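Could you put the whole structure together from the sequences, leaning on the hints where they help?
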Amino acid sequence: MANRRERRAGRGRALGLVASGLVALLASGCAIVEGPGLGLLPTRPQTVSDAIGRYDAARDASLRLVIAGLDEDTAGRPSRALASYQRAIGVDPTNPYAFLALARHHLEGGSPDEASAFLDQARALFETQDGLGPEVDVWGVGLRAGIDRALGRHDEADALFESARSLSPSVWEDEWLSASELR
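If you use our numbering, the sequence shown corresponds to residues 980 to 1162, in order.
Mixed in with the good hints there might be a few duds.
[To be verified] Restraint-style ranges between C-beta atoms, simulated for each label pair: (1) Gly1089 - Ala1040: 28 to 36 Å; (2) Asp1035 - Gly1131: 35 to 43 Å; (3) Ser1028 - Pro1057: 29 to 37 Å; (4) His1133 - Ala1062: 17 to 25 Å; (5) Leu1130 - Ser1028: 28 to 36 Å; (6) Ser1028 - Asp1109: 14 to 22 Å; (7) Pro1072 - Glu1152: 29 to 37 Å; (8) Ala1037 - Arg1132: 14 to 22 Å; (9) Gly1131 - Ala1037: 35 to 43 Å; (10) Glu1152 - Ser1028: 18 to 26 Å; (11) Ser1159 - Thr1073: 22 to 30 Å; (12) Asp1153 - Ala1040: 26 to 34 Å; (13) Ser1058 - Asp1134: 32 to 40 Å.
The hints are simulated quantities; they were obtained by calculation from the structure and are not laboratory data.
Just so it is clear, the structure is predicted and the values come from calculations on it, not from any experiment.
All C-beta atoms, glycine included, are put in the ideal place defined by N, C-alpha and C.
Here is the structure:
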């Protein structure tokens, strides 16, 4: 009997975490894709490579530098990656993907406070450029969850990771964003 009560209580806590995560997402302005009677629907995240050709020449040059940085991160050369991201911002200081890549880079490097600041900048730029939709916001939701986890806010992280997995199971199943996934 105690096991049944414990399982119910565990499910109740899990549902509560998911619900609180969704409330937090809505309160922070995150987009959630819904279908009739289907709840959250997975979405294909927009990668940095997908963004090339959608903007002007300066943005495309900056995006190529972000891609080069992501390739350096993938190859295990974080200092070269960081230099590439910084050059990307020098070319186009309004490129939200550069700040998103910096957030991912700093989270992976163990600097969640810096990651949070870069993620906030990326979000602000996406919002001002009317580019924040579920295909972009899925990166922010998952990265925010990773930041919360790194800062010891496990309940918030669990709820946000659940939301991120709902939007993109293939990316967030392992609760980690690799440079190649963002590329």
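Hint by hint, here is what the structure shows:
1. For Gly1089 and Ala1040, the hinted distance range of 28 to 36 Å is satisfied, since their beta carbons lie about 30 Å from each other.
2. Judged by the Cβ atoms, the range 35 to 43 Å given for Asp1035 and Gly1131 holds: they are separated by roughly 42 Å.
3. Judged by the Cβ atoms, the range 29 to 37 Å given for Ser1028 and Pro1057 is violated: they are separated by roughly 20 Å.
4. In this structure the hint that His1133 and Ala1062 lie 17 to 25 Å apart at CB is violated, the actual value being about 34 Å.
5. A hinted range of 28 to 36 Å holds for the C-beta pair Leu1130 and Ser1028, which are about 30 Å apart.
6. Between Ser1028 and Asp1109 the beta carbons are some 21 Å apart, a value that agrees with the proposed interval 14 to 22 Å.
7. Taken as a hint, the range 29 to 37 Å holds for the pair Pro1072 and Glu1152, whose Cβ atoms sit roughly 34 Å apart.
8. As the Cβ distance of Ala1037 to Arg1132 is approximately 37 Å, the hint placing it in 14 to 22 Å is violated.
9. For Gly1131 and Ala1037, the Cβ-Cβ distance of about 40 Å falls inside the hinted range of 35 to 43 Å, so the restraint holds.
10. The beta-carbon spacing between Glu1152 and Ser1028, approximately 21 Å, falls within the hinted interval of 18 to 26 Å.
11. For the hinted restraint 22 to 30 Å between Ser1159 and Thr1073, the CB-CB distance of approximately 25 Å keeps it satisfied.
12. At roughly 32 Å, the beta carbons of Asp1153 and Ala1040 sit within the given window of 26 to 34 Å.
13. With their beta carbons about 35 Å apart, Ser1058 and Asp1134 fall inside the hinted range of 32 to 40 Å.
Of the numbered hints stated above, those contradicted by the structure are hints 3, 4 and 8, listed in ascending order.
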